[in-house]
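Participant: Just so you know, the sequences run in chain order A and B.
Counting in full-length UniProt numbering, the first sequence runs from 1 upward without gaps.
Counting in full-length UniProt numbering, the second sequence runs from 1 upward without gaps.
Source of the hints: derived by calculation from the structure; they are not laboratory data.
Possibly wrong hints are sitting among the right ones.
In this list, chains with the same sequence are indistinguishable; a pair is considered to hold if it fits within one copy or across any two.
Below, in silico cross-link-like pairs of lysine to aspartate or glutamate (DMTMM-like), each with a Cα-Cα straight-line distance of 25 Å or less [unchecked claim]:
| # | residue 1 | residue 2 |
| --- | --- | --- |
| 1 | Lys150 | Glu68 |
| 2 | Lys150 | Asp179 |
| 3 | Lys150 | Asp136 |
| 4 | Lys150 | Glu172 |
| 5 | Lys150 | Asp131 |
| 6 | Lys150 | Asp175 |
| 7 | Lys150 | Asp164 |
2 protein chains.
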Amino acid sequence: MAGNEWRAYPVARARRYLEPGPVVLVSSAWAGERNVMTLGWHTVMEFSPSLAGCMISAGNHSFRLIREAGECVINLPTLALLDAVVGVGNTTGASVDKFERFGLTPVPGEVVAAPLIRECHAAFECRLAEDRLVPDYNFFVWEIVRAWVKPAPEWPQTVHYTGDGVFMVSGETVDRSADFRPEMLL
Amino acid sequence: MAGNEWRAYPVARARRYLEPGPVVLVSSAWAGERNVMTLGWHTVMEFSPSLAGCMISAGNHSFRLIREAGECVINLPTLALLDAVVGVGNTTGASVDKFERFGLTPVPGEVVAAPLIRECHAAFECRLAEDRLVPDYNFFVWEIVRAWVKPAPEWPQTVHYTGDGVFMVSGETVDRSADFRPEMLL
């Protein structure tokens, strides 16, 4: 990842960033077109292979690109990118290049054709793992095949959507590892 | 919900509490047995019907109860319940009644047999909607058929798991509704 602060990160540890439930920016590319969408409906599903499930509504312009490519990138924005998060979620890629409009810099990935977003704290390159629930639920299961994370800050301020235009910003961390059974910390 | 602060809440608005990604306590009951587990791997999947997807590992004692009953309750704990959240996640219902051990009060639901947890800020009664991904991924899709929420505080402090025994506590809220297209606020 030349010219970038990201470092390679173990894919099996992606849960650190995704399990707390932040809004993410999902980028895609297909047949010369690219796009990015805002997404809050996702969950970790497994450590290894590293799986993440995403409900990507078929009403989104990104849906076709993602469905055809069978790939995407899950990018983790921070509070500093909230204008872009809101803007991306309130425009359609059918009429706007959202990267240009919202000052997001596309960066080539190592495995997938979809662009990573340089301004994000982390980026997870994803390949389709399971699509049985796509026809009925628009629910994709992705395997995270590469993970890139900025080494600092240790705890980026993430934004978490509650609906009605209101976001919750991540707060303090509480370390309760001393109360965990050792095998629960693997 | 006699003797309780909860009020009925529109099931289509459950995303307000679940989309930000908090740790939840999933309670279950089957054949005279009851249990509760800690869960961070869940996502909203639809407004109406109100759907939530949960990865419930088959290694959990709760798995069989939930699988057999086809029902559960998703309870939303706050920071005040962190001792119980950690305790529930580090014990097994095979040898302990976790309700008694951790001071959680089971309350009968209106639709499902699984108990609601009185100390939680909110409780969502769930019926199985979709189990095609259970055999391969332990992934259940639930329909939230009743929702109960305490009217105060407006923004409870929720806890969000990051792994390694560390929790993020929900912070401030930021209202950006003025920047949303009206149809995005429905």
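Participant: Given identical chains, is Lys150 near Asp136, meaning Cα to Cα at most 25 Å, within a copy, between copies, both, or neither?
Facilitator: neither (36 Å within a copy, 33 Å between copies)
Participant: Treating 25 Å as the Cα threshold, decide for Lys150 and Asp175: within, between, both or neither.
Facilitator: within (21 Å within a copy, 27 Å between copies)
Participant: For Lys150 and Asp164, with the copy left unspecified, which applies at a CA distance of at most 25 Å: within, between, both, or neither?
Facilitator: Between copies only: 19 Å across, 31 Å inside.
Participant: 25 Å Cα cut-off: does Lys150 pair with Asp131 within a copy, between copies, both or neither?
Facilitator: neither (31 Å within a copy, 37 Å between copies)
Participant: As a check of your reading, is Lys150 near Glu68 (CA-CA no more than 25 Å) within one copy, between copies, both or neither?
Facilitator: Neither, since 30 Å and 44 Å both go past 25 Å.
Participant: At most 25 Å between C-alpha atoms: does Lys150 with Asp179 qualify within a copy, between copies, both, or neither?
Facilitator: neither (29 Å within a copy, 29 Å between copies)
Participant: With identical chains treated as interchangeable, where does the CA-CA distance between Lys150 and Glu172 reach 25 Å or less: within a copy, between copies, both, or neither?
Facilitator: both (19 Å within a copy, 24 Å between copies)
Hint violations for this structure: numbers 1, 2, 3, 5, all remaining hints satisfied.
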